[in-house]
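Given next are the chains, with one letter for each unit.
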Amino acid sequence: MSGLHSRGKTWFDALTSRAGGEQGGPVRAADAPLGGERARFIAVVPDPLNRFVRARDNVVGLEQGWHLARAVREALEADRDATHKRPLIAIVDVKSQAYGRREELLGIHLACAGAVDAYASARLAGHPVIALIVGPAMSGAYLAHGYQANRIIALDAPGTTVHAMGKEAAARVTRRSVEGLEALGDTVLPMSYKMSAYAKLGLLHELIDGVDADAPAAADIERVRASLIAAVADARSGPRDLSNRLASADAKRTRAASIEARRRLAEQWDQDPDQDRDAT
Amino acid sequence: MSAHDVFIARHSFIELTARERARALLDPGTFRELLGPFDRLESPWLAMQNVVCQSDDGVVIARGALGGEPAVIAAIEPAFQGGSIGEVSGTKIAAALELAAREFDAGRTIRPVILFETGGVRLQEANLGLAVIAEIHAAIVALRRHVPVVGVIGGMVGCFGGMSLAAALCTELVMTRQARLGMNGPEVIEEEAGIGELDSGDRRLIWSMIGGEERVAVGLADTLVEDDTGEVRDAVLAAFGRGVPASHRSEQVERQLERLARVNPDAIDPESLRALWQGDAR
Numbered sequence: 574m575s576g577l578h579s580r581g582k583t584w585f586d587a588l589t590s591r592a593g594g595e596q597g598g599p600v601r602a603a604d605a606p607l608g609g610e611r612a613r614f615i616a617v618v619p620d621p622l623n624r625f626v627r628a629r630d631n632v633v634g635l636e637q638g639w640h641l642a643r644a645v646r647e648a649l650e651a652d653r654d655a656t657h658k659r660p661l662i663a664i665v666d667v668k669s670q671a672y673g674r675r676e677e678l679l680g681i682h683l684a685c686a687g688a689v690d691a692y693a694s695a696r697l698a699g700h701p702v703i704a705l706i707v708g709p710a711m712s713g714a715y716l717a718h719g720y721q722a723n724r725i726i727a728l729d730a731p732g733t734t735v736h737a738m739g740k741e742a743a744a745r746v747t748r749r750s751v752e753g754l755e756a757l758g759d760t761v762l763p764m765s766y767k768m769s770a771y772a773k774l775g776l777l778h779e780l781i782d783g784v785d786a787d788a789p790a791a792a793d794i795e796r797v798r799a800s801l802i803a804a805v806a807d808a809r810s811g812p813r814d815l816s817n818r819l820a821s822a823d824a825k826r827t828r829a830a831s832i833e834a835r836r837r838l839a840e841q842w843d844q845d846p847d848q849d850r851d852a853t
Numbered sequence: 619m620s621a622h623d624v625f626i627a628r629h630s631f632i633e634l635t636a637r638e639r640a641r642a643l644l645d646p647g648t649f650r651e652l653l654g655p656f657d658r659l660e661s662p663w664l665a666m667q668n669v670v671c672q673s674d675d676g677v678v679i680a681r682g683a684l685g686g687e688p689a690v691i692a693a694i695e696p697a698f699q700g701g702s703i704g705e706v707s708g709t710k711i712a713a714a715l716e717l718a719a720r721e722f723d724a725g726r727t728i729r730p731v732i733l734f735e736t737g738g739v740r741l742q743e744a745n746l747g748l749a750v751i752a753e754i755h756a757a758i759v760a761l762r763r764h765v766p767v768v769g770v771i772g773g774m775v776g777c778f779g780g781m782s783l784a785a786a787l788c789t790e791l792v793m794t795r796q797a798r799l800g801m802n803g804p805e806v807i808e809e810e811a812g813i814g815e816l817d818s819g820d821r822r823l824i825w826s827m828i829g830g831e832e833r834v835a836v837g838l839a840d841t842l843v844e845d846d847t848g849e850v851r852d853a854v855l856a857a858f859g860r861g862v863p864a865s866h867r868s869e870q871v872e873r874q875l876e877r878l879a880r881v882n883p884d885a886i887d888p889e890s891l892r893a894l895w896q897g898d899a900r
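Here the protein sequences come in this chain order: C and Z. Under our numbering, think of the first position of the first sequence as 574, with each following residue one higher. Under our numbering, think of the first position of the second sequence as 619, with each following residue one higher.
A hint or two may mislead.
Claimed, not checked - Now the in silico label distances, taken between C-beta atoms and shown as ranges:
#1 Z:R860 <-> C:A698: 18 to 28 Å
#2 Z:T635 <-> C:K767: 57 to 67 Å
#3 C:E741 <-> Z:D623: 23 to 33 Å
#4 C:S750 <-> Z:P863: 46 to 56 Å
#5 Z:H629 <-> C:G811: 44 to 54 Å
#6 C:A791 <-> Z:G859: 51 to 61 Å
What the hints assert, rightly or not - Derived, one-sided and incomplete: chain Z residues facing chain C with beta-carbon distance under 7 Å:
#7 L652
#8 P662
#9 A811
#10 G859
#11 V862
#12 Q896
By construction, these hints were calculated from the structure, which means they are not laboratory data. Idealized CB from N, CA, C, for every residue including glycine.
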């Protein structure tokens, strides 16, 4: 469909030099060169003819979840015996999970978990998994496509945002105006819809500004490619879990409660249980 | 026993608090709470929004024994903020699972159980709630390689949002008839897609779609139990007895796609789905 414009597709085509050709369906996946090796790029794109009518936008529905899992597991399988595992680049432009009656009945939660499982398994197997946020990264859709990455990179551009709930819906649920909700985000960081605030949570590896997210020039693409290459190298040099998300100066400030909870739970973990029994 | 006596002999699981549920499932006398209320680790974000905090942030972590083996239970308290996951409550679950994985690295074993009762992300902690749920997912996938991670959905809140993915990542899921498991709550679907898509007030329809009985019948959960603490405990022990499967439900990509391919979206309802999917769960 010629009218199909999506940032996910734009960046997928740009970074793969259209190596995937003209694929159909809601999930695009292709291997393409990245810094002297081959990486697998994966994107969710609008699918106007999808047989599930609630899953025709750039959302993660039943088929999207499982096709993401398949795209990741193909790489996992192909590199099973390789010491050098190919990077997986999740290009994130997902406005939500699919909201629908059929989706719930047929287990959209499992389809999204299938994608989570695949990305997490790839990361644990030693694949550098990098999320590149080029549009909205919303809620369950972001959990399924991006949030299991070793490193997360985002464009700081109009339209990129990370959140648990859309702004309008969140305003309704919290009985605030959209303006009131935006003001709240300036004081309560995790409530903010701004990427600059999200960066302060310590979850981002890099926030790239000055890039045209809708129509990237060649220089923009090269800049993002360079960031991806650096993130892959950084991921390879670190542990395979998500512990780096708590390691930055920002995380130490903003996620002090997370760090404290982990520290104290570990402290109490190994107490001699007999002592407790005597105390009660 | 007569039907009446059986009913009277039951000890409701649903009516228990998170702390009581964990205590009831563990072997008698072995319950030891970690990061309990007296540690006063509260949400740093709720007070900023004039919401009253709870000194355990709505999650109980307990160590003890289960069937004579070391165990850890993460139990979500439905009565605090609808069991919603905030930075601290979610971190407690993720950290407990990470510490459990370390037991295996050290050559020991432990049985991990999650008692779900949650609407998902706590909206007042939005992005950190979402982030810690991703950490819970990561921890389940890592731990599951060593030991079954067993989930229980008791009811009446059920299990929704990003935590429904956590439930789906569990090795086995135990549900009561009263429990529901879904990604988007019925109210959210009605709000997003209109009442023509789903009437969130139609309780019979909701439970027929996402209630424990249907979920077990179509292979999206494993064991259906009555609202009885003894039955829940037996089902959890049986799940550990079966051990780590060759593949987990969330790994079975081709099988699940094949199941999905058999569905005609224009003519599917809870009853016809049972006919279509029953018996090919695993």
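Hint check:
1. Z:R860 <-> C:A698: 18 to 28 Å: 25 Å, holds
2. Z:T635 <-> C:K767: 57 to 67 Å: Violated: the Cβ-Cβ distance is about 38 Å, outside 57 to 67 Å.
3. C:E741 <-> Z:D623: 23 to 33 Å: Violated, at about 54 Å.
4. C:S750 <-> Z:P863: 46 to 56 Å: Because 50 Å falls inside the window, the suggested range holds.
5. Z:H629 <-> C:G811: 44 to 54 Å: 48 Å, holds
6. C:A791 <-> Z:G859: 51 to 61 Å: 60 Å, holds
7. L652: Since the shortest Cβ distance to chain C is 5 Å, the answer is holds.
8. P662: 5 Å, holds
9. A811: 5 Å, holds
10. G859: 23 Å, violated
11. V862: Cβ of V862 (chain Z) sits 14 Å from chain C, so the hint is violated.
12. Q896: Violated: closest Cβ of chain C sits about 14 Å from Q896 (chain Z), beyond 7 Å.
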